[in-house]
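Chain residues, written in single-letter form:
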Amino acid sequence: MEKYTVDSVRDGRVTLLLRRDESVKIVLPQAQLPGVQESDIISAAISQGRVEDFKIEKAETQAVKVKIQAKLDKLKNRPGN
Amino acid sequence: MDIERIIWIASLIGAILVAMLRKGGGRFGLLICLYGGFMYGFLSMAAQGGFEANYIVIILIINAVAVATGLIWLLASRAGKKKPPATAVLLLAVALAAGWYTLPLADQALPDWDIAAWLPSSQKGVAGDDLAVHYIDVGQGDSILIQTASKNMLIDAGPRSAGERVVEYLQGQGVEKLDLVISTHAHEDHIGGMVDVFTAFTVDEVLDPGVVHTSKTFENYLDAIEDEGITFTVAEAGMSRDLGDGIKMDILHPTNPSSSDLNASSVVTRLSYSDVAFVFTGDAESGDEKEILEHGFTLRADVLKVGHHGSATSSSSDFLNKVRPTYAVITVGEGNTYFHPHQETLDRFEAANVQVFRSDLHGDIVFITDGIEIEVNTERQAESGDVFTAPPR
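If you read the protein sequences in the order shown, they are chains A and B.
Per our numbering, the first sequence starts with residue 4, numbered consecutively.
Per our numbering, the second sequence starts with residue 58, numbered consecutively.
Please keep in mind that the hints were generated in silico from the structure rather than gathered at the bench.
Ideal Cβ positions, reconstructed from N, Cα and C, are used throughout, including at glycine.
So, partial list: chain A residues that the calculated Cβ filter (under 10 Å) puts toward chain B:
id, residue
1, Q40
2, S42
3, D43
4, V67
Whole structure, please, built from the sequences with the hints as guidance.
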């Protein structure tokens, strides 16, 4: 299974970015990925536009959120801003 | 008499009169110098888009003839001749006649040479009093360049795949520095090209909704802001930026952005210049539009960047009734898998008699205004029937 970032969930479509190369984008019907939300990191087996299996990586999602939030906070609080 | 003829003839007569007031052979040298200044003025105005490019070619040719006249006259004067030689008189007459008859015909008479490409990049851009808004065709995504004579601003940088295209487009418009960049929200189709932009240009400030996203694209974007030392400001409704020359950018949204709904964190702005205004919505949806309406901001605008690529979840009737745009721009990729723009949205604009431009059909779409009149240029033409028809599902 590959890891993906759920970039958006909109208009009945889920947009996934392949984490090892986010220039690769996959758009799937939302019904194939029930329960996923924006910013979730998931592991998924996708073949010919169909999701064969997937899992929401809750711990990794949380860890990445904390890491990126820290970067965001650093920019917000940087002197001169 | 048109303005070009008046300026040209007045400058020529003025130069000759001033030259005649001086004694000695230096008068013709002075004439040449005055021509040099005259040409410089015209070129400067042309570089800012003040004249059609072909006018400048004609002016250059005419002035070359006139300068040759001055030189012949000057040499004759130094050789002791009191009267101007016949060659000089003939050349001057040719220059006068050519100017008189060809200046008003310039844009039909010659091929459309891209004179701006010959000039240094810092001289490209918009004319002194003009504001240009470029909706760059980046496929499914947003990237909008706003240019005044003295400032450049970018709203979004398209998807990652369009980063180079955005950089090339900006370079083509003479951009060397961006005074302000707005990242409307963290979705890849809006910020994917930002790293390319930050690498290519000096950026003074980034405005961002300030909510976290877990994509590497977003993380790389934050890293680039840090590495480049760009000022980072969290955008909030009620803020504004003065772009100079009477041009102002008001921030209408967000108020309470949340990372659980990135579209709802979209930075929505209204750009105003004298009688003309533009509204840029990012991917704001009807709930966000309602929030903006409840705030009571001035929303009336001539041009609306349609929210979320023409999705039915945006452009509510209440919002449209407040903005009352004459033009709407839908930034959308051809054959996109979201089926944007949706027919319901197109129907709303058609019913409101709004002229719609779509980047999938029209390519790059450019609005130029002096604060009163608006001119629209598109890369391609499209039939009205196609514009108001959604892509098949």
